[in-house]
Amino acid sequence: MNVIDRYLADFEAFAGNGASGAPTWLTQIRQGAIARFAELGFPTTKQEEWRFTSVAPIADRRFLLEHAPRSPLPAPSDLERLCVGVGPRVVFVNGRHAPGLSSGAALPAGVQATSLAAAIGNGVSGDLAREHLARHAGWHDSAFAALNTAFLADGAFVHVPAGVTLEQPLEVLFLSSGRPGADGPTVSHPRSLFVIERGAEAAVVETYAGLGDGVYWTNAVTEIVVREGARAELYRVQREGPQGLQIATTHSRQERDSFLGVHVLTLGAALARHDITTVLAGAGAELILNGLYLLSAAQHADHHTVIDHAQPHCASHEYFNGVLAERAHGVFNGRIVVRPGAQRTDSKQTNNNLLLSTEARADSQPQLEIYADDVKCTHGSTVGPIDETQLYYLRSRGLSAEAARSILTYGFGAEILDRMRRPAVRERLDRLVRERLA
Amino acid sequence: MTGKGNGEAGKVLLAVRDLHASVEGREILKGVDLTVRVGEVHAIMGPNGSGKSTLAQVLAGHPAYTVTAGQVLYEGRDLLAMAPEERAREGVFLAFQYPVAIRGITNAYFLRSAVNAIRKHRGQEELGPVEFMDALEEKLRVIGWDSSYLTRPVNEGFSGGEKKRNEILQLAVLDPKLAILDETDSGLDIDALKTVAQTVDKLRRPDNATVLVTHYYRILTHIQPDVVHVLAAGRIVKSGGKDLALELEEKGYDWLRTEAAVA
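The listed protein sequences derive, respectively, from chains W and G. Note that my numbering has the first sequence beginning at 503, numbered continuously upward. Note that my numbering has the second sequence beginning at 18, numbered continuously upward.
Watch out, some of these pointers could steer you wrong.
[To be verified] Simulated crosslink set (EDC-like; lysine to aspartate or glutamate; CA at most 20 angstroms straight-line):
(1) G:K194 - G:D95
(2) G:K211 - G:E155
(3) W:K850 - W:D876
(4) G:K194 - G:D224
(5) G:K219 - G:E154
(6) W:K850 - G:E173
(7) G:K137 - W:E904
(8) G:K219 - G:D243
(9) G:K180 - W:D889
[Claimed, not checked] What the simulated footprint calls covered on chain W by chain G, stretch by stretch (three residues with Cβ under 8 angstroms from a Cβ of chain G suffice, anywhere in the stretch; the number is not a length):
(10) 895–901
(11) 907–918
These are calculated hints, taken from the structure and not from any lab test. Glycine included, each C-beta is placed from N, C-alpha and C at the ideal position.
Chain W on its own, in the form it takes in the complex (with noise of 0.2 angstroms):
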């Protein structure tokens, strides 16, 4: 059987098992999607998307679909060494909800942050669910987009109505076991749906994590809306195992004076690919798109960025750095669209790299497509090792080399953590990195 069989296959057991009693537009969706997978089959590094990305690991492999929660499911210690505060959570283990290791503490009355298995069934989330589930992340056109789609079964569901105000941050996790199924390595496709209404406010952060350390993969897809005048901000947090493989979507759509800050931090997995896009769909809107990639041994790590400027009087800023150490490869491209009479547009986008060894490699191509005449636009890009100018300085200043090297390398991710809006998530993030860079 080959690869595309293979899943098509899995596919029919899956809409005949677990997926039966799923709403038929949800059914709808699932068959267009593993068609469109079938067509466009496994990208290859001949497509100048995944020209730096081979998804052989991916594509050599079978797979198996996780059904349910394997047992055992991960201890608290676990959850508290991975979530970043005590808040309210949602906890998926191998992509299905687990409620028994869930909170929905604090939640102020209306918001809900649930499973989206549930959502969906539910009459008004699921008519929210079916407003907005696989109508942004662009499946047509991306064969994991497709397959997650295909196999959309569960994942997080959040949902603040119009304005209000979430002190606390939600925590969405989702935890791979990281250990081979009896019939091999397994996969999950978590799908998540994101909606902040109207002039609301709200933090996400979300994390996928591996427990084991073995081979696993991760097909994950997010979209989120950010209604008008709405304040969002993601913290995405990627610490998959050391065998982990993991293919992502995160797509936003931002409305008119809405304001969106997606925070990425990159510290695990084998391979990883991250693709996302955001659309800025109406007037003055702003976003920040905020990375940080941490890689050594033989990691990869390959985000591909896209920012959509489909209206005029947005701004977007857009920081992505990368510390590569040892055989590291880090890849960053980013996409910069300003649409015909997105007038005004304020867009920058800045790709830093700091090589921590002769064998480390980043890859950084800015592109810029603008139809539009009255715009600002920049782009900047570097790569290479620390400068021994700023090493120098500081140690006339009498730090000892080693210190210097620590501090400027740490430079690099603070950068970046300090963007990050609420305190208590980025002191978190601020110790894993830290933590990493020891």
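Knowing the structure of chain W, use the given hints to seat chain G on it.
Below, chain G alone, put in the same frame as chain W:
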């Protein structure tokens, strides 16, 4: 040469003998001799390209410069054998002509790391963030800054004047025995110059010394030097009292070039 700082000649802090140094194979310093005693302020003047900044950087230990001949004794020890951080810990401070920006690291963190590196070397207890901020408050006031400058990344987005003030803040905080100021006065407006000069003047003590590397006379109207040297084509061609600076202000440097060539 006289040291008037404490009325009599103090002990020698820095002794530079026949110093030759080159960068990228090009010889810049061609036999510099200089003696600085505690309690003294020396001004090193000279035209552009004479080697003033090279001398300052060689004393601080810039890795791009190679010393090809000569000797530098600091408190009787071989300064050139010491790594830049050892020099700093032993009390040598260079205020950079072009201070370096460092992304992501706040000025407060940077200053505290420097202070603690030096304290640790001296066997003193390291300061925590709160103690450090308390100690810093007064020094900030002296240079006319509020604490907002401390939460900004080191020199990142600072104006030329702000960078120079930041060097002086470091000088005040680190309290070195030998302060070398490399054209700290260039690019400053009158007020900033006054603040910088007053701060440096306030830090003068019988047990420390300052070397001001400058292109202009005006800073010397605020800080009275004990000795003025003229560096030209990699050598000190003339030394004298503060009147020499005034003479240079009036006559420029050309007459010295001729004099040096004749000699």
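Open item on the list: Please verify whether K211 (chain G) and E155 (chain G) have alpha carbons no more than 20 angstroms apart.
Closed with: Holds, at roughly 18 angstroms.
TODO: Go check the stretch 907–918 of chain W versus chain G for me, would you? Three or more residues, Cβ under 8 angstroms, otherwise it fails.
DONE: holds (count 9)
Task: K180 (chain G) paired with D889 (chain W) [C-alpha distance capped at 20 angstroms] - done: Holds, at about 19 angstroms.
Open item on the list: Next pair to validate is K194 (chain G) with D95 (chain G); report whether the Cα-Cα distance is within 20 angstroms.
Closed with: Given that 20 angstroms is the threshold and the Cα spacing comes to 16 angstroms, the pair holds.
Open item on the list: For K219 (chain G) and D243 (chain G), compute the direct alpha-carbon distance and say whether it is at most 20 angstroms.
Closed with: Holds - the C-alpha atoms of D243 (chain G) and K219 (chain G) are around 16 angstroms apart, at most 20 angstroms.
- [ ] Three residues minimum, CB to CB under 8 angstroms: does the stretch 895–901 of chain W make the cut for coverage by chain G? Let me know.
- [x] Check passed, 7 qualifying residues.
Task: Pair hint K850 (chain W) and E173 (chain G), alpha-carbon separation not exceeding 20 angstroms - done: 17 angstroms, holds
TODO: For the pair we were handed, K219 (chain G) and E154 (chain G), check the Cα-Cα distance against 20 angstroms.
DONE: Distance of about 16 angstroms is within 20 angstroms: holds.
Task: Pairwise hint evaluation, E904 (chain W) against K137 (chain G), where the allowed Cα distance is 20 angstroms at most - done: Status holds; Cα separation ~15 angstroms.
Open item on the list: Check the hint pairing K850 (chain W) with D876 (chain W) against an upper bound of 20 angstroms on the C-alpha distance.
Closed with: 15 angstroms, holds
Task: Hinted pair K194 (chain G) and D224 (chain G), Cα distance within 20 angstroms - done: Holds - the C-alpha atoms of D224 (chain G) and K194 (chain G) are around 7 angstroms apart, at most 20 angstroms.
In the structure shown, no violation is registered for any of the earlier numbered hints.
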